[in-house]
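For what it's worth, this note's numbering labels the leading residue of the sequence shown as 117, then goes sequentially.
Careful: at least some of the hints might be erroneous.
Restricting the straight-line Cα-Cα distance to at most 25 Å, the calculated cross-link-like pairs of lysine-lysine (DSS-like) are [stated by the list, open to error]: (1) K253 with K338; (2) K310 with K253; (3) K323 with K338; (4) K310 with K338; (5) K264 with K314; (6) K187 with K204; (7) K323 with K204.
Since the hints were made in silico from the structure, they are not lab data.
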Amino acid sequence: MTTNKPQKQAIRARMAKTGERYTTARHFHLGQHLAPDQAPVSEPLPEITGPRPRVAEPGMSDTAIQRGSGKSWDEWFRILDAWGAEAKTHRDIARHLVEHYGVGGWWAQSVTVGYERARSMRSLNERADGFMLNASKTFPVPVERLFKAFSDELERDQWLEPGTLHPRTARPFRSARFDVPANGTRIEVNFTAKGESKASAAIQHLKLLAESDVDWWRTFWKARLERLEALLAKHPASG
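Produce the complete structure using the sequences and hints provided.
Rendered as structure tokens:
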């Protein structure tokens with residue numbers, strides 16, 4: 117047991133600085149007073165630093181990612197940086213999270229995408245299958261009327277160039293999916309009732325080939341939704 121008070125204070129000071137246990141700190145403190153050939157060999161202490169700065173925000177709140185994946189963004193960044201994730205593919209990173217950390221599939225994808233954004237491996241609008249964009253608008257009509265404006269071809273051709281969309285699947289008054297034959301992309305539309313005479317349509321345009329396509333199609337959908345708004349103002353009831 118150490119009885120020398122200054123020596124004990126010095127040991128505890130080292131503990132506070134390095135995070136070592138008392139016996140380890142004492143071992144190296146006493147070694148400093150021995151001859152060089154007697155002193156214990158100590159490897160340099162690792163520098164304790166925070167994660168590298170983010171190039172962009174990951175796109176999901178820290179609270180949400182910790183609740184869903186079990187760790188905060190900073191914790192995931194440290195883990196994935198140390199693993200060398202920047203040199204790995206999206207699939208490799210997601211699989212690593214599932215197999216080594218037990219993260220569920222959807223959350224593994226979310227962590228992977230957020231990491232790729234923060235490390236300039238992916239833009240804000242990029243997904244594993246291409247780029248995407250979101251566009252939405254609320255209309256002063258019932259959700260049934262809004263759904264018909266998208267799902268009925270004759271109605272759709274009044275506000276959108278004929279042939280722009282090719283129907284895939286639909287859930288009446290809730291969602292509809294379409295192919296965009298012109299460029300092989302796809303859109304999903306979700307409908308939400310906001311009362312008896314108000315509803316919104318949220319468009320997600322998927323599989324765009326380049327980030328430059330995002331701005332073009334965002335402008336396109338903004339203009340077409342404004343056309344639809346004008347049409348529904350003239351014909352609020354379905355014909």
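Structure-inconsistent hints, enumerated in ascending order
Going through the list in order, the structure violates no hint and respects every one.
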